[in-house]
Amino acid sequence: MTTLMAERHPSDPLFRADRLPHIWCPGCGIGPAMHAYAQALVESGIPLDRHVCVSGIGCSGRVPGYLNIDSYHTTHGRAIPFAMAVALVRPQLEVAVFSGDGDLFAIGGNHFIHAARRNVDLNVICINNFNYGMTGGQVGPTTPMGARATTAPYGNYEQPFSLPYLAAATGAVFVARWTSLHLRQLKQAILRAMKKRGLTFIEVLAPCPVGFGRPNEIGDAMEEMMLYRERCVVDHGAPLAALDIDLRQRDRPIVLGNFVDIERPVFDPLAMRRPAPEVEDHAPLARKEQEG
Amino acid sequence: MKDGPAVLEGQHFLLGDHACAEGALAAGCRFFAGYPITPSTEIAERLAHRLPEVGGIFVQMEDELASMAAIVGASVAGARAMTATSGPGFSLMMENVGLAAMMEVPCVVVNVQRGAPSTGLPTLVAQADVMQARWGSHGDYEIVAYAPASPQECFDLTVRAFNTADQYRIPVFVLADEVVGHMTERVVIPPPDAIPKVERKRPRTAPGGDGFLPFQADDDLVPPMAHAGEGYRVHFTGLTHDERGYPATNAEAHDRLVRRLVEKVRRHAWRIEEYEESQLEDARVVVIAYGSTARSARRAVAVAREEGIRAGLLRPITLWPFPGERVRRLAERVGAVVVPELNMGQIAREVERFTHRPVLGVNHAGGAMLPPEPILDTIREAATR
Amino acid sequence: MLRGQSTRVPLDWKAAVLPQGQVYVIPSRCKECRFCIDFCPRDVLTLSTETNVRGYRYPVVATGKDVACVHCEFCSLVCPEYAIYTVEVAGAGVTP
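Residue numbers (my numbering), protein chains in the order written: chain A, 9 to 300; chain B, 4 to 388; chain C, 7 to 102.
Because the hints were derived from the structure by calculation, they are not lab data.
A virtual CB, placed ideally from N, CA and C, is assigned to each residue, including glycine.
Check before you lean on any hint, since a few could be wrong.
[Said to hold, decoys possible] Distance condition first, Cα-Cα at most 20 Å in a straight line; then the derived DMTMM-like pairs of lysine to aspartate or glutamate:
1) A:K203 x A:D254
2) A:K195 x C:E79
3) A:K204 x A:D269
4) B:K200 x B:E276
5) B:K5 x A:D269
6) B:K204 x B:E188
[Unchecked claim] According to the in silico footprint, chain A covers these stretches of chain C (three or more CB under 8 Å from chain A):
7) 15–23
8) 38–45
9) 64–73
[As the list claims (entries may be wrong)] Anything over 10 Å on all C-beta distances counts as not near chain A; from chain C, calculated:
10) R48
11) T57
12) V76
13) S82
14) G97
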């Protein structure tokens with residue numbers, strides 16, 4: 009068997025293939041993550057016409073522009089309220105927010121915590137590449153302490169978020185963390201998120217060779233992927249408070265898994281006007297036992 | 004819990020804010036996302052009560068940034084959507100006003116103006132956000148802003164706002180003020196079939212083919228709008244884009260798009276403009292006033308006439324587009340123009356653009372209605388010019 | 007029972023077939039990140055000697071690896087550019 013050359017990829021119909029190749033750097037982890045999401049779209053059993061993807065600003069925010077579904081590239085940090093409204097007006101649609109760590113948790117932080125508190129029916133996928141990549145590699149709310157960035161030339165002096173911890177604490181019903189390497193598990197997690205009603209959150213650690221790797225002496229994207237391969241462990245039952253990432257501590261594992269999968273009432277503006285669910289009345293039985 | 008009619012047909016004694024809410028419902032608004040802020044909170048409260056009665060959605064968002072983002076999202080999903088606020092929230096909404104303008108998404112934003120800048124006078128009237136409504140978001144775009152001067156107009160102009168928004172695929176403002184919003188007056192709500200309704204243009208081809216370009220405009224410069232979930236697989240972006248909706252970040256595409264967005268409204272401005280005239284046929288002094296100030300101006304003009312001064316009133320109903328050509332033609336035969344407003348001179352600047360005649364402002368930063376007396380004094384002075 | 011030797015085999019042992027895959031590459035999309043090459047579980051791929059239109063070397067099947075691909079499709083999944091995929095070669099599977 010020799011290598012055969014092709015013009016189109018079997019996944020091309022899921023993308024706006026006339027816009028490929030995309031803008032992301034060689035080795036960027038967004039491409040594989042988007043591919044996992046696209047395959048989950050197909051396997052979800054929900055027709056493509058009913059999927060909607062909303063994003064904010066950043067490299068990860070460019071994802072909807074490459075997907076062959078209804079897609080909305082909105083303003084920085086505001087993808088979640090926009091998407092929430094789409095999901096409320098058309099509840100039959102499967103709405104996902106696909107954005108980056110800065111967009112979702114710095115400028116967009118307030119909107120995330122309220123969407124999680126309310127348990128809005130949205131799937132939030134956060135590409136975490138530990139910096140603001142699109143604008144050249146500035147520090148962000150997930151940049152590890154001590155890491156270098158263009159706005160932290162002496163090293164980042166801030167402590168980062170632990171995103172799964174935050175998501176679980178604010179009320180997300182499904183919380184997972186995978187990487188651009190653990191793609192089969194990522195696809196399965198996205199499929200689980202699509203089946204669940206409520207606010208689901210999946211963090212995807214992704215290499216950013218230019219924005220994060222180069223200033224932090226990670227040679228290239230391959231080296232960052234190998235870092236994920238060697239240092240990641242899967243532990244679905246890990247305590248949520250122990251999921252922080254410190255890339256400086258070489259012997260400290262990065263914990264991946266599906267950490268939270270619970271049920272909570274889903275956000276419904278008309279909840280108080282719907283008839284209350286039937287509740288069994290045990291009172292007559294108790295009275296009878298007393299008498300008897 | 005009972006359901007209710009969307010159109011409360013009949014005669015009412017209504018608060019301006021409540022009339023605005025009823026106007027939205029009568030126009031078919033079924034999504035409201037807002038944040039409490041004096042003096043607009045009554046709009047949210049009324050809709051919190053009424054929208055569920057008509058099967059609509061009311062959400063109190065975490066802030067005004069989210070409120071504006073939410074109504075843009077609701078509109079792309081097909082709903083007529085509205086928010087209501089005052090100055091501080093208006094500033095926060097400007098970011099996504101730009102998004103609505105760029106994505107050509109119809110929506111209605113009510114600003115019940117209060118004393119400003121900053122926290123200002125939360126419970127008291129001003130008219131100081133007029134220029135902000137015109138220029139508040141970054142970049143070039145045209146907006147339409149209606150200025151009700153009564154609770155009846157709060158109802159009527161909110162209906163008009165939804166129709167204008169849908170017709171041109173733009174965000175439209177209702178620039179009320181605290182006096183008009185918090186006064187109670189007679190409001191007549193017509194029967195449902197008498198409420199004008201202009202729907203947004205829809206794609207003329209079925210989904211699934213290759214043919215539909217979401218930002219390919221017709222001759223009126225307005226593209227038909229496809230909603231989420233209808234099968235058109237649209238892409239909307241706040242980046243400069245081409246007719247396919249794809250980012251096209253180059254000079255040629257940018258100029259082409261922005262010119263169309265601006266021309267889309269400018270070309271139809273003559274149709275959108277609205278104003279009311281009173282005693283202008285022989286006027287030598289024209290008073291130009293809007294909102295609650297117009298009520299005092301009307302009184303001042305009446306008294307001036309009693310004194311023998313040929314004064315008249317031009318009341319812009321749309322502040323934007325500003326009826327500049329009407330002002331220009333009027334100013335040719337008058338001695339001076341008087342512009343009373345509860346700000347340091349905002350519409351006066353627009354008036355100055357259209358006339359070389361003296362433009363005498365009657366200005367107060369706000370906190371109480373401008374009474375007729377200072378307007379009358381200035382009319383008297385204008386009559387000597 | 008013999009020590010150190012399992013007497014248990016999977017029930018579908020005879021039916022299990024290890025697939026064989028045919029590699030397809032779209033050279034113009036490749037940006038030489040080498041994910042496919044380094045993560046292939048069978049080391050099927052290597053860098054080409056030629057460059058594509060952007061100057062990147064793209065993956066090709068290495069010498070002697072003609073029938074090594076087992077159609078695991080990881081290269082297709084992990085490629086950030088959607089520049090490589092495999093297709094199962096019908097009837098070419100082997101029982102292990």
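Here is how each hint holds up against the structure:
Between K203 of chain A and D254 of chain A the alpha-carbon distance is near 32 Å, which puts this suggested pair outside the 20 Å criterion. Only pairs whose Cα atoms come within 20 Å are accepted, and K195 of chain A paired with E79 of chain C is accepted, the gap being roughly 14 Å. Only pairs whose Cα atoms come within 20 Å are accepted, and K204 of chain A paired with D269 of chain A is accepted, the gap being roughly 9 Å. For the proposed pair K200 of chain B and E276 of chain B, the alpha carbon gap of about 18 Å is at most 20 Å, so the pair holds.
Proposed proximity of K5 of chain B and D269 of chain A is contradicted: the alpha carbons are some 37 Å apart, above 20 Å. Distance restraint check for K204 of chain B and E188 of chain B: the Cα-Cα separation of roughly 36 Å exceeds the 20 Å cut-off, and the hinted pair is therefore not satisfied. Chain A is given as covering the region 15–23 of chain C, and this is violated because 0 residues of the stretch bring a CB closer than 8 Å to a CB of that chain, at least three being needed. With 6 residues bearing a CB less than 8 Å from a CB of chain A, the region 38–45 of chain C meets the requirement of three and the coverage assertion stands.
Given as covered by chain A, the region 64–73 of chain C passes the check, having 5 residues with a CB less than 8 Å from a CB of that chain where 3 are the minimum. A cut-off of 10 Å between C-beta atoms confirms that R48 of chain C is not in contact with chain A; the least separation is 12 Å. The claim that T57 of chain C is not at the interface with chain A holds, since no C-beta of that chain comes within 10 Å of its own (minimum 13 Å). Look at V76 of chain C: its CB is around 12 Å from the nearest CB on chain A, clear of 10 Å, so calling it non-interface holds up.
With 10 Å as the threshold on Cβ separation, the claim that S82 of chain C sits away from chain A is violated: the shortest Cβ distance comes to roughly 8 Å. Against the 10 Å criterion, G97 of chain C stays outside the reach of chain A, whose nearest CB is about 14 Å from its own CB.
Figure legend: structure checked against the earlier numbered hints; hints not met, in rising order: 1, 5, 6, 7 and 13.
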